[in-house]
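Undergrad: Letter by letter, the chains look like this.
Number of protein chains: 2
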Amino acid sequence: MTQPCTLPAAFTGQLDELLGDRFSVSMAVREQHGRDESIFAAMPPDAVAYARDTAEVVAIVKLCDQFSVPIIPYGAGSSLEGHTLAAQGGLTLNLQQMDRVLAIHAQDQTASVQPGVTRKALNAVLRDTGLFFPVDPGADASFGGMCATRASGTNAVRYGTMRENVVNLTVVTASGEVVKTGQRARKSAAGYDLTRLFVGSEGTLGVVVEATVRLHPLPESTTAAVCAFPDIDAAVQAVVQIIQLGVPVARCEFVDPVAIRALNLYSKTGLPEQPHLFFEFHGSESGLNEQIALVQEITQDFGAGKFEWSASPEARSKLWEARHNVYFAALQLRPGARSIVTDVCVPISRLADCVNETIEDLRRSGMIAPVVGHVGDGNFHVQVLVDGDAQSEIDQAEALNARLVARALEMDGTCTGEHGIGLHKQGFLVDELGSVSVDVMRRIKQSLDPRNIMNPGKIFSQ
Amino acid sequence: MTQPCTLPAAFTGQLDELLGDRFSVSMAVREQHGRDESIFAAMPPDAVAYARDTAEVVAIVKLCDQFSVPIIPYGAGSSLEGHTLAAQGGLTLNLQQMDRVLAIHAQDQTASVQPGVTRKALNAVLRDTGLFFPVDPGADASFGGMCATRASGTNAVRYGTMRENVVNLTVVTASGEVVKTGQRARKSAAGYDLTRLFVGSEGTLGVVVEATVRLHPLPESTTAAVCAFPDIDAAVQAVVQIIQLGVPVARCEFVDPVAIRALNLYSKTGLPEQPHLFFEFHGSESGLNEQIALVQEITQDFGAGKFEWSASPEARSKLWEARHNVYFAALQLRPGARSIVTDVCVPISRLADCVNETIEDLRRSGMIAPVVGHVGDGNFHVQVLVDGDAQSEIDQAEALNARLVARALEMDGTCTGEHGIGLHKQGFLVDELGSVSVDVMRRIKQSLDPRNIMNPGKIFSQ
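Residue numbers (the working numbering), protein chains in the order written: chain A, 16 to 477; chain B, 16 to 477.
Everything labelled a hint here was simulated from the structure, so no lab data went into it. As the structure is a computational prediction, the values presented were derived from the model and not from experiment. Heads up, a few of these hints could be off.
Below 20 Å or equal to it, Euclidean Cα-Cα: the simulated SDA-like pairs (lysine to any residue) are [stated by the list, open to error]:
#1 195(B) / 340(A)
#2 195(A) / 77(B)
#3 195(B) / 135(B)
#4 195(A) / 283(B)
#5 135(B) / 446(B)
#6 195(A) / 441(B)
#7 333(B) / 286(B)
#8 77(B) / 422(A)
#9 195(A) / 424(B)
#10 195(A) / 333(B)
#11 195(B) / 135(A)
#12 135(A) / 234(A)
#13 195(B) / 451(A)
#14 135(A) / 340(A)
#15 195(B) / 445(A)
#16 195(A) / 454(B)
#17 195(B) / 422(A)
#18 195(B) / 77(A)
#19 195(B) / 234(A)
#20 195(B) / 424(A)
#21 283(B) / 339(B)
#22 195(A) / 135(B)
#23 283(A) / 340(A)
#24 195(A) / 340(B)
#25 135(A) / 173(A)
#26 333(A) / 136(A)
#27 195(B) / 352(A)
#28 195(A) / 339(B)
#29 195(B) / 421(A)
#30 77(A) / 327(B)
#31 77(B) / 67(B)
#32 195(A) / 422(B)
#33 195(A) / 442(B)
#34 195(B) / 425(A)
#35 195(A) / 155(B)
Kindly produce the complete structure, drawing on both the sequences and the hints.
TA: Here you go:
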């Protein structure tokens, strides 16, 4: 049961005056901002503010600083680890109305956007420029959120993650100062890399109010293909070899038979219920032919069936839309279920071991859990479907995740390739890097946010 | 005149005991560590310690912490901005004896090295693996130093800088704690990006004791070519177009007629004294042909002469060795001179303007100053040759640099593409990012090094 807003009247009064109907303490609005795609119970904020520009963000942050009110930046609300839940109450700062593309520098292949712009919105604006923005998490996430979680997606194997694709940021810090992290040059050795410090900081160090990102030339030619494998190990081994040979695949996605079943039901893909790899190739005509010949040879060495081609833009778009919808498709395998999604990423030499041991663990558990992965990066997800009201199922899924993370860490991998820590993986972060490293993070946090108002309680306890 | 060592006897006694003849207060050793390639007068440390392993680094740092003695990490001593000068005295920590390649994971395309390993030493070890490490600053720099300055070089246009090529670091912090910044997976969203925070921190946040770096497959085919242009503008315009078309050149270097003269004298290259571009192409046979055809077409559109090929490994190696030696070659144009080297980097759309205005500025100044650049990144260097004893010449060169930096910043560029801030560019850093951003860096520094012992006085005043 959501509690009444407990913020001081002097605080809410000033926000009311500043924002008018863009400030709300209504139960419905608060509850809407207190949920995400994670397994956590709703944690509504005490109030929600909608900012329209940087000056408003500064004013709002300064008020939160003055009254020591937690502030939770909020974009598309699609995070999976509880990042946007108001764990300590406070004010959720909804940035969806800061949705302008501020500049496109086509010659320099950069775009500057406000935090509420989504990846699809930017790509729609770019349509006639011959350029595109590659980072594509499952949801149509906002740039603020993608920066905050260091997002990646299916293209990262070729084009990198947000780490590689953010050129600079403008951030409002906890004291309401506006910090620019860099210029627009392709490289720089000018002081600490504040850009990379804020990318992945999950809203705990400041509010991103502007991001300049790298764009990439649309490839001369693009082809997509899917192929089925006799077993999971064969599919993963084929990926390992493709990556080790340095084939510049643009996408290389693993989809297990359970996920294929979900896709067939949800997106009418009509694929055989076998382990699959989905590929996309970018390049010149002849470059494409070289890549494809090599990948076909390798996959056939591992017993794959014939490539099914999606050369037309429509067919490709249908294929990748199906892949992007796998999360929602999988939920239909068990109507009413919620998901607990794992996110390990391991060195490619250990990928086959990690996937095989995990599939065996899953088999023993009897849970419904499709497995998909950006396997070209060594990253894969197990989406465990649980009854959200059955604690025993949640415990079972969490135990599986804990075993999976331990396995990945032992292989020099990470507990999270792209979803972030949020509320969910704080213990794993310590397991992964050690308490000394996490304490370094904590000291940085304290130096930039001494009152601990910026998304408190996320990444680590503070 | 170097002053006697003023460190407390209790401190030097313990180091003596710990390190034996690997601890020195001799004038000669101190003076050798008090100079670099910058224009600054020598600033010798009070003592020099040579560490052999991480445990020794920890012990040395803890002693420095206990006695509040500045500690300056020292690799190959090739930095250009005064990074290794003992501006506040203290102990120089020479890491050259930590020179082991600890692991090569060929399947994952990573190597783990100690900080004293140099880029050439690693590539020699990699010779039979089919892999190479691409980052190549002019000198045979050490990995500790390359991490500390966020180094790049001629390959960055294709393979990125140290920012993109460091997978994780192990760092000894100011309190003597050993921090691991990440695992060996290709990507991770696990907490703050400590790896990128330490890369480029110029020794002010800790001592790098181990680095895991990305390796890249040796290309199937490699070709290099040089071509001469009628004027500087034509050469730069050709580069801009090559980059904007997304041609994946591996190297794309500009060399002005003055630098060509220096190369001809020093390396017997026998090139016409005109503006040149030096290219290297990596790829499959057919990919190479596509790249070359496109680049030839573009360069000829801008009036370039014929490509001179260096297809054989020996000829290529001679070409790039000549290019890497340009710094020393240029010094011969004015025997006994010292260099003041500029390092701006601008968005590619502004490169031609920036180079043209700078060349015009140089022409008016009458100084001897070859211009070379990693122009595919928008980065170029003016190497102004000055009489190190003539303050007026130094002032004139610094004034030229200040105008150049102002020009670059106005174009959304940076005061340093790859050399770092050190002692030399602290004012420019504030001009570039603003005092609020630099203060964020300062707060991070204070949080991790409260006694200010780690290379104090570098990047910003503390």
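Undergrad: Does each hint hold? Answer for all of them.
TA: Hints, one by one, checked against the model:
1. Of the pairs offered as hints, the one joining residue 195(B) and residue 340(A) is violated, with about 36 Å between alpha carbons and a cut-off of 20 Å exceeded.
2. Between residue 195(A) and residue 77(B) the CA atoms are separated by roughly 35 Å; this puts the pair beyond 20 Å, and the hint is violated.
3. For the proposed pair residue 195(B) and residue 135(B), the alpha carbon gap of about 25 Å is over 20 Å, so the pair is violated.
4. The straight-line distance between the Cα atoms of residue 195(A) and residue 283(B) is roughly 46 Å, outside the 20 Å bound, and the hint therefore fails.
5. At most 20 Å may separate the alpha-carbon atoms for a hinted pair to count; residue 135(B) and residue 446(B) exceed this at roughly 36 Å.
6. For the proposed pair residue 195(A) and residue 441(B), the alpha carbon gap of about 17 Å is at most 20 Å, so the pair holds.
7. Restraint check for residue 333(B) and residue 286(B): the C-alpha separation of about 13 Å stays at or below 20 Å, so the hint holds.
8. Pair hint residue 77(B) plus residue 422(A) does not hold up; C-alpha atoms about 35 Å apart against a cutoff of 20 Å.
9. This hinted pair checks out: residue 195(A) and residue 424(B) have alpha carbons roughly 13 Å apart, not beyond 20 Å.
10. A hinted pair counts as satisfied when its Cα atoms are at most 20 Å apart, and residue 195(A) with residue 333(B) does not qualify at roughly 43 Å.
11. Among the hinted pairs, residue 195(B) with residue 135(A) is inconsistent with the structure: their alpha-carbon atoms are about 36 Å apart, more than 20 Å.
12. Between residue 135(A) and residue 234(A) the CA atoms are separated by roughly 18 Å; this keeps the pair inside 20 Å, and the hint holds.
13. As the CA atoms of residue 195(B) and residue 451(A) are separated by approximately 8 Å, the hinted pair is consistent with the 20 Å bound.
14. Distance hint between residue 135(A) and residue 340(A) is fulfilled; the C-alpha atoms sit about 15 Å from each other, no more than 20 Å.
15. With a C-alpha separation of about 11 Å, the suggested pairing of residue 195(B) with residue 445(A) holds against the 20 Å cut-off.
16. Under the criterion of a C-alpha separation no larger than 20 Å, the hint pairing residue 195(A) with residue 454(B) is consistent with the structure, at around 12 Å.
17. About 19 Å separates the Cα atoms of residue 195(B) and residue 422(A), which keeps this hinted pair within 20 Å; it holds.
18. Taking the CA atoms of residue 195(B) and residue 77(A), the gap is about 35 Å. The hint is violated against a cut of 20 Å.
19. A C-alpha spacing of about 38 Å is found between residue 195(B) and residue 234(A), which places the hinted pair above 20 Å, so the restraint is violated.
20. With a C-alpha separation of about 13 Å, the suggested pair residue 195(B) and residue 424(A) falls inside the 20 Å cut-off, and the hint holds.
21. The straight-line distance between the Cα atoms of residue 283(B) and residue 339(B) is roughly 14 Å, inside the 20 Å bound, and the hint therefore holds.
22. A hinted pair counts as satisfied when its Cα atoms are at most 20 Å apart, and residue 195(A) with residue 135(B) does not qualify at roughly 36 Å.
23. Taking the CA atoms of residue 283(A) and residue 340(A), the gap is near 12 Å; set against the 20 Å cutoff, the hint holds.
24. Distance restraint check for residue 195(A) and residue 340(B): the Cα-Cα separation of roughly 36 Å exceeds the 20 Å cut-off, and the hinted pair is therefore not satisfied.
25. For the proposed pair residue 135(A) and residue 173(A), the alpha carbon gap of about 19 Å is at most 20 Å, so the pair holds.
26. Proposed proximity of residue 333(A) and residue 136(A) is supported: the alpha carbons are some 18 Å apart, at most 20 Å.
27. With a C-alpha separation of about 38 Å, the suggested pair residue 195(B) and residue 352(A) falls outside the 20 Å cut-off, and the hint is violated.
28. A C-alpha spacing of about 34 Å is found between residue 195(A) and residue 339(B), which places the hinted pair above 20 Å, so the restraint is violated.
29. Taking the CA atoms of residue 195(B) and residue 421(A), the gap is about 17 Å. The hint holds against a cut of 20 Å.
30. Annotation: proposed proximity of residue 77(A) to residue 327(B) is violated, straight-line Cα distance about 63 Å (limit 20 Å).
31. Annotation: proposed proximity of residue 77(B) to residue 67(B) holds, straight-line Cα distance about 16 Å (limit 20 Å).
32. Taking the CA atoms of residue 195(A) and residue 422(B), the gap is about 19 Å. The hint holds against a cut of 20 Å.
33. Between residue 195(A) and residue 442(B) the alpha-carbon distance is near 16 Å, which keeps this suggested pair within the 20 Å criterion.
34. With a CA separation close to 15 Å, the supplied pair residue 195(B) and residue 425(A) stays within the 20 Å bound.
35. Distance restraint check for residue 195(A) and residue 155(B): the Cα-Cα separation of roughly 34 Å exceeds the 20 Å cut-off, and the hinted pair is therefore not satisfied.
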